[in-house]
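Input sequences plus hints: build the corresponding full structure.
If you read the protein sequences in the order shown, they are chains Z and V. Just so you know, numbering that gives the first Met the number 0 puts 372 at position 373 of the first sequence, and the rest follows in order with no gaps. Just so you know, numbering that gives the first Met the number 0 puts 128 at position 129 of the second sequence, and the rest follows in order with no gaps.
Because the hints were derived from the structure by calculation, they are not lab data. Just so you know, these numbers come straight off a predicted model, no measurement behind them. Even glycine gets a Cβ: it sits at the ideal position worked out from N, Cα and C.
Residues on chain V that point at chain Z, a partial pick, calculated with CB under 10 Å:
hint, residue
1, Thr305
2, Gly306
3, Asn331
4, Thr332
5, Gly346
6, Leu349
7, Tyr351
8, Val358
9, Gln360
10, Tyr362
11, Ser368
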Amino acid sequence: MKRKLDIAPFVSSIVAILCGLIIGFIILLISNNKEAVPGFATILSGPVAHGMKGIGQVFYYATPLILCGLSVGFAFKTGLFNIGGSGQFLMGAFGGVLVGLTMDNLGPMQWVVALLFATLLGALWGAIPGILKAYFNVNEVITCIMLNYIALFWVNMTVKGSDVLFNTLRNESKDIPKVSTIPKLGLDVIFDGSSVNSGIIIAIVAAIVLYIVLEKTTFGYELKACGFNKVASKYAGINENRSIVMSMLIAGAICGLAGGIMLLSGTGRHIEVKDVIPNEGFNGISVALLGISNPIGIIFSGLFIAYLTAGGFYLQLFHFSKEIIDIIIAVIIYFSAFALIIKMLMSKFSKKPPERELIAAQKALHDVEMKDKKEKEV
Amino acid sequence: MEEYAIEMRNITLSFNRKVANDNVTLKLRKGEVHALLGENGAGKSTLMSVLFGLYHADSGEIYVNGKKEEIDGPVKAGKLGIGMVHQHFKLVHNFTVLENIVLGIEETKGGILQLSDARKRVLELCEKYKFDLDPDAKIEDITVGMQQRTEILKMLFRNNNIMIFDEPTAVLTPQEIEEFMIMVKNLKAEGKSILFISHKLDEIKQVADRCTILRRGKCIATVDVADVTKEELSEMMVGRKVSLKVDKKDANPQKVILEVNDLYVAGEKGHKDKVRGVSFNVRSGEIVCIAGIDGNGQSELIKGITGIKPIKSGSIKIDGEEFTNKSIRYKNTHGISHIPEDRHRDGLILDYNMAKNMVFQQYFEKAFSNCGFLKNKEIIEYTQKQIDNYDIRSLSGPYSVARSMSGGNQQKVIVAREMSKPHKLMIAVQPTRGLDVGAIEYIHKEIVKLRDNGIAVLLVSFELEEVMSLADRILVMFEGEIVGEFKDIKNLDLNELGLYMAGGKRMNMKEVA
Chain Z
0 MKRKLDIAPF
10 VSSIVAILCG
20 LIIGFIILLI
30 SNNKEAVPGF
40 ATILSGPVAH
50 GMKGIGQVFY
60 YATPLILCGL
70 SVGFAFKTGL
80 FNIGGSGQFL
90 MGAFGGVLVG
100 LTMDNLGPMQ
110 WVVALLFATL
120 LGALWGAIPG
130 ILKAYFNVNE
140 VITCIMLNYI
150 ALFWVNMTVK
160 GSDVLFNTLR
170 NESKDIPKVS
180 TIPKLGLDVI
190 FDGSSVNSGI
200 IIAIVAAIVL
210 YIVLEKTTFG
220 YELKACGFNK
230 VASKYAGINE
240 NRSIVMSMLI
250 AGAICGLAGG
260 IMLLSGTGRH
270 IEVKDVIPNE
280 GFNGISVALL
290 GISNPIGIIF
300 SGLFIAYLTA
310 GGFYLQLFHF
320 SKEIIDIIIA
330 VIIYFSAFAL
340 IIKMLMSKFS
350 KKPPERELIA
360 AQKALHDVEM
370 KDKKEKEV
Chain V
0 MEEYAIEMRN
10 ITLSFNRKVA
20 NDNVTLKLRK
30 GEVHALLGEN
40 GAGKSTLMSV
50 LFGLYHADSG
60 EIYVNGKKEE
70 IDGPVKAGKL
80 GIGMVHQHFK
90 LVHNFTVLEN
100 IVLGIEETKG
110 GILQLSDARK
120 RVLELCEKYK
130 FDLDPDAKIE
140 DITVGMQQRT
150 EILKMLFRNN
160 NIMIFDEPTA
170 VLTPQEIEEF
180 MIMVKNLKAE
190 GKSILFISHK
200 LDEIKQVADR
210 CTILRRGKCI
220 ATVDVADVTK
230 EELSEMMVGR
240 KVSLKVDKKD
250 ANPQKVILEV
260 NDLYVAGEKG
270 HKDKVRGVSF
280 NVRSGEIVCI
290 AGIDGNGQSE
300 LIKGITGIKP
310 IKSGSIKIDG
320 EEFTNKSIRY
330 KNTHGISHIP
340 EDRHRDGLIL
350 DYNMAKNMVF
360 QQYFEKAFSN
370 CGFLKNKEII
380 EYTQKQIDNY
390 DIRSLSGPYS
400 VARSMSGGNQ
410 QKVIVAREMS
420 KPHKLMIAVQ
430 PTRGLDVGAI
440 EYIHKEIVKL
450 RDNGIAVLLV
460 SFELEEVMSL
470 ADRILVMFEG
480 EIVGEFKDIK
490 NLDLNELGLY
500 MAGGKRMNMK
510 EVA
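Structure, rendered in structure tokens:
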């Protein structure tokens, strides 16, 4: 008896992607039918056509997508919906900027400490809804959304109020000094001209670590058990409250890490003092959905969406507005939300009977065989 | 020639060359109650799916009221006057009884729902069949028995003359079963043809005229129920002799293992306590059975003992050790094994595979984990051993997802898990609920074996038959209190026991203790 791989979710993601691309093409046709074909070709080949720079850019875009996707996916695997990724991301960004600008006596360790502090603040921001959910039964979705706003206004207030952090001319946080940006590890040489840095490596390592935690450890076993069935987990003596808090804490930490990495990558990104919630956390939901919450799947879905985003950038060469790519991505996500329907259609077409029936049938067959054997022996 | 309400002739259906129904013939006479008997997985549900057009049979024909019909779906079946009450009711929980009844055939005028005519008919039907049912009550607020009556009304409202009941009594309390049986007889008197799917022999004897027995997809026989004994029926169903009586020696109780003292468990907010001042003990080597009608605090008592629900006051000792305020994990690892009430809700993670469920109480132990990492190889090997020991059947062995397994085999996973871990007290709540005779016999034997090995067994069951055949001592629970204790099981008067269960009589428990 061998372990079977369930490919249905994978296939449904692929179908979602194809549907999204087809509708994207139709939108291109409607807006400018003469340029539609080359435009569409650009979306698909854009980043690659621009050589190593394009590919490096994909990795750069993918970094926060993968991390925030991991955060949402991890929480989802344990039965929680982390819609507070943006707030956690912002807190992480703030933590990174704070250490990056102020603690300049740390030398080469400054970026490490900055990232750790970013992760810590993100974890704190994730743990709050976790604690409220576990001990006061407050729905995590509501607290997460509220904490997004609290993070936004608190960060704005603090940055604006600090002479060390605030650049009054540009109404944003000051530039991060070169020493505290995260290293490029030679990636900038391979992918010449792009903004890629070692953040992508951190993201992929994080995905692998989370995969191992979920699949191979007793801790992951407990977290997932709570996500699947709280009552039974309690019966088995698992501390469900602790699991909820830990799960949200880890989810928050990953988003915080993403925030730190983005702000410390030295690509001119700042905390802008605006009343706009960063969209990284919400993008994470899409990535997690497309990657069916599987850490390894999320690496690929993050890369894929980053690829489309980078391709969409070049779409402007054909007089399309780059928002079209956002529509295409949105359609893909929309269809991956229909994954269930697609799965259902698949099972209908393959006409597979429910497994239970199969077992019954197998049992019957087994018994007949045994009977035959016995009769032969007689 | 006699005319049948339903005739299914020579139905054969196979999935991927595996036969689920093999040349099955089922004939339902007009105006009779016909039982369809078979073990879990014998092909009863598949046969009904064929009748309702959910599966298309490879060969065979279906006649309804003497006419050959091609049934391509439930809608067609409904048009032919066939209605079915599923084991898990198909009701909309936040709709009223009336809304559920008209759902799908509701009358509208200019897009607005017209319920007054329907209400009049439903009230008439309620009157005629003596249903005590408020058409405006919401489904989520009424009892399971009333929900079932709603399902029956649904069929009556649609003038269905052929009624199929899929294991109708599995979810009912003893009194509701009683009422249901009367209802079936009334419906029969009205001339309805009834197909009754069950594996409870008592009920079949009580209410059915004829019975068709399926075993492993094959039709074994169709018999007049009056002509056969229960033992013969069960033998036909299982394919071998099954002892309905549990073979056991007299108990030899030793030292006290479980000591419960003046236990109180709170009910829901605003309600009175569910367990009120319960004291008893269980010795090693005896089976103590808590009898009573469902909902009299048995479930809360067990949850209080195992720690799943906090207790209000009182104390619990295991083998002399104070257990009252210990964590669930501590209790699970220091002497208590627990086969829970509801295997889907409490006992299993349905999305985990069998191996992961098999170590659900032990995954953190040295044998199965190392520095926080699960030892997958050991877990699989251990599960394989358990599969062999307990004859657990599934499609892909240790890798089978629990959800895909049949109820009996799911229960075997729990039984195997709880029996194999070291324990002094086994708490089993409804351990055979929804299982077929073969599996029940097996689990009963295992429980007696435990007792003989010196384990203290506390059994909660709502089935009197189970209580009577397993218990060495019976405690009767009524409204959260223990109202009677019986030690001489062999000479116990069932009517007497029933009186205690219904609250008509009580002993002074202080005297008994």
